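Residue numbers (the numbering used here), protein chains in the order written: chain C, 1 to 484; chain F, 1001 to 1095; chain D, 2001 to 2505.
None of these hints come from the bench; they were simulated from the model.
Note that the coordinates shown come from a computational prediction; the quantities given were computed from them, not determined experimentally.
Be careful, since some hints might not be right.
Stated by the list, open to error - 27 Å max Cα-Cα, derived DSSO-like pairs, lysine-lysine: (1) F:K1092 with C:K223; (2) F:K1092 with C:K88; (3) C:K463 with C:K479; (4) C:K139 with F:K1092; (5) C:K479 with C:K468; (6) C:K310 with C:K394; (7) C:K181 with C:K300; (8) C:K420 with C:K468; (9) C:K452 with C:K480.
What the hints assert, rightly or not - Chain D stretches covered by chain F per the calculated footprint, using a threshold of three residues with CB under 8 Å from any CB of chain F: (10) 2077-2090; (11) 2188-2199; (12) 2316-2328; (13) 2422-2429; (14) 2448-2460.
In this text, a Cβ means the ideal position worked out from N, Cα and C, and glycines have one as well.
Listed below are the residues making up each chain.
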Amino acid sequence: MTYRIEGRTGTWEIVVGLEVHAQVISQAKLFSGASATYGGAPNTHVSFIDAGFPGMLPVVNRECVAQAVRTGLGLAAHINVVSRFDRKNYFYADLPQGYQISQFEHPIVGSGVIEIELADGATREIGITRLHLEQDAGKSMHDQDPTRSFIDLNRSGVALMEIVSEPDIRSPEEAGAYVRKLRQILRYLGTCDGNMEEGSMRADVNVSVRQAGEAFRTRCEIKNVNSIRYVMQAIEAEAQRQVEVWESGGTVDQETRLFDPGRGETRSLRSKEDAHDYRYFPDPDLLPLVLDEGWVAGLKASLPELPDAKRARLEADYGVTRYESGVLTAEQAIADFYETVARGLDTRLATNWVLGDFFAALNRTGRSIEDSPVSAASLRALLGLITDSTINGKIAKDVFEEMVDTGDEPMAIVERRGLKQVTDTGAIDAAIARVLADNADKVAEYKSGKDKLFGFFVGQTMKAMAGKGNPALVNEALKKQLAD
Amino acid sequence: MSLDTATVRRIARLARIGIEENETEGLARELNGIFGWIEQLDEVDVSGVAPMIGTGLATPRMREDVVTDGDRRDDVLSNAPDRVDAFFTVPKVVE
Amino acid sequence: MAADTPNALDMSLVEARDGLVRKAFSSVELTTAALAAVEALNPRLNAYITVTGDQALAQAAQADAAIAAGEAGPMAGVPVGIKDLFCTKGVRTTAASNILRDFVPPYESTVTANLRRDGAVFLGKTNLDEFAMGSGNLTSAFGPVENPWKRAGSDAALVPGGSSGGSAAAVAAGLGFGATGTDTGGSIRQPASYCGITGIKPTYGRCSRFGTIAFASSLDQAGPMARTVADCAVMLGSMAGFDAQDSTSVDRPVPDYLAACGRSLKGLRIGIPREYHAPGMPAEIEAIWQQGIAWLRDAGCEIVDVSLPHTKYGLATYYIIAPAECSSNLARYDGVRFGARVAGGTLDELYENTRRAGFGDETRRRIMMGTYVLSAGYYDAYYLKAQKVRSLIQRDFTDVFADVDVLLTPTAPSAAFAQDEKPSDPVQMYLNDIFTVPASMAGVPAMSVPAGVDAQGLPLGLQLIGRFFDEETLFAVGSALERAAAFTHRPALRASDVARAGIAS
Chain C
1 MTYRIEGRTG TWEIVVGLEV HAQVISQAKL FSGASATYGG APNTHVSFID AGFPGMLPVV
61 NRECVAQAVR TGLGLAAHIN VVSRFDRKNY FYADLPQGYQ ISQFEHPIVG SGVIEIELAD
121 GATREIGITR LHLEQDAGKS MHDQDPTRSF IDLNRSGVAL MEIVSEPDIR SPEEAGAYVR
181 KLRQILRYLG TCDGNMEEGS MRADVNVSVR QAGEAFRTRC EIKNVNSIRY VMQAIEAEAQ
241 RQVEVWESGG TVDQETRLFD PGRGETRSLR SKEDAHDYRY FPDPDLLPLV LDEGWVAGLK
301 ASLPELPDAK RARLEADYGV TRYESGVLTA EQAIADFYET VARGLDTRLA TNWVLGDFFA
361 ALNRTGRSIE DSPVSAASLR ALLGLITDST INGKIAKDVF EEMVDTGDEP MAIVERRGLK
421 QVTDTGAIDA AIARVLADNA DKVAEYKSGK DKLFGFFVGQ TMKAMAGKGN PALVNEALKK
481 QLAD
Chain F
1001 MSLDTATVRR IARLARIGIE ENETEGLARE LNGIFGWIEQ LDEVDVSGVA PMIGTGLATP
1061 RMREDVVTDG DRRDDVLSNA PDRVDAFFTV PKVVE
Chain D
2001 MAADTPNALD MSLVEARDGL VRKAFSSVEL TTAALAAVEA LNPRLNAYIT VTGDQALAQA
2061 AQADAAIAAG EAGPMAGVPV GIKDLFCTKG VRTTAASNIL RDFVPPYEST VTANLRRDGA
2121 VFLGKTNLDE FAMGSGNLTS AFGPVENPWK RAGSDAALVP GGSSGGSAAA VAAGLGFGAT
2181 GTDTGGSIRQ PASYCGITGI KPTYGRCSRF GTIAFASSLD QAGPMARTVA DCAVMLGSMA
2241 GFDAQDSTSV DRPVPDYLAA CGRSLKGLRI GIPREYHAPG MPAEIEAIWQ QGIAWLRDAG
2301 CEIVDVSLPH TKYGLATYYI IAPAECSSNL ARYDGVRFGA RVAGGTLDEL YENTRRAGFG
2361 DETRRRIMMG TYVLSAGYYD AYYLKAQKVR SLIQRDFTDV FADVDVLLTP TAPSAAFAQD
2421 EKPSDPVQMY LNDIFTVPAS MAGVPAMSVP AGVDAQGLPL GLQLIGRFFD EETLFAVGSA
2481 LERAAAFTHR PALRASDVAR AGIAS
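Looking at chain C on its own, in the form it has when it is part of the complex (with noise of 0.2 Å):
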C-alpha cells in the first residue's frame, strides 16, 4: 500500500529513517557501577564518575557490550571486533561530564537489516545502518520549582544502544511496523524491555518528503519520540507540514523538532538548534573496544531463538496460520505458552483454546501472559480431558471458567464437580428411552421427516444426563433408538 500525499502541486512521497534508543538490560552502568535500575530515590543510583567529578574515569561493563553484540546479531548485523567511544561534546543541566561518551566513527555493530509485515500481510526490509553504545543522560525536572529546574542523575551513565535505520521506510504505518518489530527483537534477546512509557525506548525520527523521481531533499529531526502511536502521527504531521512549506514557495530548514502530541503538531526546537558543533574525538580515557572472536562466536551460540525463525516454525510444526503465528510470537512468553500447550496435543484444539478462550481471559481479567490466572500446563491438562474423552469441550468450558476463578486443576474441578463424561451406553440409553417417552409428539413428528428435531433430542439428552453425556455416544444411540 503505497503512502502519497497529494499537494497542490503534485504527489508527495515521504522519506523517514529512525534512530532508536533502546536501553540496554544490565546490573550496573555503562562505565560505572552505580545501579542500572529504573526508578530509585533522587541521585542514589549515582557514582561519582556517573555525577562527573574531577579525576573520575570510566571502565565499561562487559554485559552492556555483550548485549549490544547480541542486539547486532539478532538484527543480522555486521559486528565489529574493533571499535571505538567518542566524545560528543555539549553542555546541558543534565550531562555531568559535559560530554557523552558515545560511538561516532567506529560503531560496535554495522549494517543489518529488519524485515518488517503490513497490515495487508506484505514485507519489506528495512536497512539497519548501525548500531552503536552510548550514555544516557541524567533528568532536568521543569515543573517542580518557579525559577529553577532540579536534576536527577539517576539514568546518567545508563547504557543506550542507538540503533539507526536506513531512509527506507515510506509510509507511517511502515514506521509503526519498525518500531514494533525492533521491539519484539529486542525483547526476545532480552537486550532491552522496550518499555516506551518509562522511556527506556525512544525514537528520533528524520522525515523529508520528495516528488517522484527526485533525490532526497531537507529533512528534520523529530526528537524524543515516545510511543509507537506518536511515530505514526508525528510523520504524518511533520510530512504535511512540509508539503506546505514546500508548496508555498518555501524550503524546509535541517532542524531538530518537538512532537506535540495534543495538538497533533511538530514545532521547532531552535534553541536547542544553536550553534552545534558536538566536536567528537576519540575518548583519551578509554581504549579502543576490542572483541574477542570466541566470545561473540559464544554470544552468538547463545541467542535465543528469534520471532521470524520462530513463526517459521510453529507454521510447520503447529499447522498455525500465517495471521495466527504473527499473534503466538508476538512474545516470547505467548509463544512458549502456546508451545508448552501444544506439544504433542491436538494442535489445532490447543491453537483454538489459546487464541479464544484464554486470550478472552487475559483480556477479560486484564492480566499479562506473565502473570496468567491459568499456566500452560493446567491449560495443557484441560485439552488433555477433552481429548482422553474425560469430559467434552461444553464442559471444558465451564471448568476452564472455574480455573480462571479459583487457579484449580482441571481435573479437581472435574471431579468436585461430577463433571466426567458419561460413556456407560446403558446409562444413555436409559436417559434417550425417557426423553424419547417424554417427548413422544416430537418423536412423531421426526419419523414423519422432520430431520431437524435430531438437535432438539440430542439437547434435551444432554440435558437430562447434566450435560456430560459423551456427545458422539448420545449422537450413534439416539439415531439408533430413533430409527426403531
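With chain C's structure known, arrange chains F and D on it following the hints.
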C-alpha cells in the same frame, strides 16, 4: 587560516566562556599568534600515517556487570552550590 | 641525627625513612619539624595551598605505631607534599583554580591512597599552575610560588617552573622529603630542573590517573619529585601500580626501583639526539649537557649520536592535543554539581558567568584553543593532523630505542627566570617545554636530574629518557649522573636555615 572576532565569539560560545565584546580583538590576535606558530606542522608529511590514539600500552579490559557503587547521595550532593532536597538545580530551562 | 636538630629536614627521603625505621627519631618529631618549617617559610614561598597539620600529625602517630609494631610500609612516617591536583578525601582540592576553591572531594586518588597505604605523612596540598597548565606556576589562582633559589647577589623572586612548581619549591626548600607531581608536557621535569631536584615522569599507564584531576588525559602522568634519585625510586615504587579503575593503567608488576639505582652502567648505550641542540640555547646549557655526556662515558657507557627527526614538531603537536583534551575535560566545571557558581538568568548565562569567573586567563585560553581545533571544519587540519604527527614522534622514539638504551638531553632551555620576566607572548612561554614535550607525546618515561649550576648559581637539570616501562635503567643512569655531578648546591631559602634561626633566637 586567520581567526576573526566572529570565530572567537563562536568558540567562546561553544565553550560556554563569557567574553566581553572589547576582548574579542585581543583574543583573536593572541590565538592567531599561537595558531600561526602551530602552522609549522604543515611541513610534516603525514601521508599514510595512522593517527595515534592513546599510547597503545594498556590492554583493553572490561568490568563485570555488578553493582559496586551508588547509594551515596549525600556525598554526591555534598559539594553542590545549590540544591533542593536531593536535587541539583539550574536556572529554569524552558524547552 | 635527631629530628629537632637543624639539619633534619635536609636529610634525603631514604635517610629519613631509614632513621624512622631505626627509631633514631619519630615521625611525630619529624613531622612537627617539617610543619614548623612550612609555617615559617610558606608565607614567602607559597608552595602549599593548604597545610594539613592535624592530619599530618595523626598520620605520623599512626606511622610511629606501625614502625613500633614492625609493620612499617616503605614510606612509613615520611612527610611529603601532595600536588593539589590529586583528590584527597575530606581535604580541599583546588587544582589552583577559583572554580574549585572550596571543593572537598569525598574520595581519594589512587596515587595518594597508595602513598597512605605505605605510611606516608601528607603535610598538605602544593601549589601549581591552574589545572596544571603553565610552566612557571604563574597561573595559580592562589598566587605564584617563589623559587627558593636566588640568582647570585639578587633577591628577585624566580619562578619554580611549572606546573608542579609548589611541589618542586617545597622539596627544594626542605618543606617535605618528597612531593607528588604530575607531568603532561614537562610539569615534573622542568620545575625539578629549575629547583635543583630530581623528578621522574614514568611511562604513561604506570601510575593510575584515577582521582587525579585531568588536564590532558592521554598525556597526564603522576610521578615523584625529591632531592635524590633514590628518593624518587622509593616514592615511585609506592605511587605506581595497576588500577582497574583506570582503563589506561597497565597491569604489570612494580619493580624494585631502589635496587635499580645501584646497577652498573657498563655497556649501556646512551643516545644524544642531535635535534635537541636548539638554536639560541644558552651556552651554559650546552656545556652542562656535554659534561653529562662525559660523566656517562666515564661511567662505562657508550655514547651514540642519534636523530629524532620530528622533535621540533613536538611542541606544536602538543599545543593541539593537550588543549583539545583539556577543553573537553574541563567542561564538567559548570557550577552545577560542585565548584564555584556565578548566577545567571538562564542555564547558558550560568555556565558562561561561572566559567569566565572561575577559570584564569591561561585556562580560558587553552579551552578556547582546544574548542577551536576540535570544531567543525578544523578537526582534520589540526586535531587529526596532530595525532598523525604524534604517531611519527612516537615512532622516532621506538626506532631510536632499537639502538640505544637511554637518551640524554637538557631538561629545559634555560634556568629559572624571574616572575616579572614572564614573556607576554604565550608561545614564548610554551617554548620552556620544548625538550620535555616529546617524551610525553610518546608516553616514554623521562627523568630530570640536577647536574650543575649556571653562572648565576641557578640549578640546571639533565633529562634522561628511557624505553617504555624501563624506569629501572633511568634510575641506574640517573644515580650515576647524580654521583658524578655531586650536586651539593643548596637553595637560598631552606627549612634547615629557618630551623637554625628559630633555635638561635
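Hints, verified against the model:
1. Of the supplied pair hints, the one linking F:K1092 and C:K223 holds, its CA atoms being roughly 21 Å apart against a limit of 27 Å.
2. Restraint check: the Cα-Cα separation between F:K1092 and C:K88 comes to about 24 Å, which is no more than 27 Å; the hinted pair holds.
3. With a C-alpha separation of about 17 Å, the suggested pair C:K463 and C:K479 falls inside the 27 Å cut-off, and the hint holds.
4. For a cut-off of 27 Å, the pair hint linking C:K139 to F:K1092 stands: about 13 Å separates their Cα positions.
5. As the CA atoms of C:K479 and C:K468 are separated by approximately 19 Å, the hinted pair is consistent with the 27 Å bound.
6. Annotation: proposed proximity of C:K310 to C:K394 is violated, straight-line Cα distance about 32 Å (limit 27 Å).
7. With a C-alpha separation of about 20 Å, the suggested pair C:K181 and C:K300 falls inside the 27 Å cut-off, and the hint holds.
8. Note on C:K420 and C:K468: the hinted pairing holds, with a Cα-Cα distance of about 6 Å set against a maximum of 27 Å.
9. For the suggested pair C:K452 and C:K480, the alpha carbons sit about 16 Å apart, so the restraint of at most 27 Å is met.
10. Residues of the region 2077-2090 of chain D lying with their CB closer than 8 Å to a CB of chain F number 0, which falls below the three-residue condition for coverage.
11. For the region 2188-2199 of chain D, the stated coverage by chain F is not satisfied: 0 residues place a CB nearer than 8 Å to a CB of that chain, which falls below the threshold of 3.
12. Note: the region 2316-2328 of chain D has 5 residues with beta-carbon separation from chain F under 8 Å; the three-residue rule is met and the coverage holds.
13. Coverage of a stretch by a chain is defined here by at least three residues with a beta carbon nearer than 8 Å to that chain's beta carbons; for the region 2422-2429 of chain D and chain F the count is 3, and the condition holds.
14. Counting residues of the region 2448-2460 of chain D whose beta carbon lies closer than 8 Å to any beta carbon of chain F gives 0, which falls below the threshold of three, so the coverage claim is violated.
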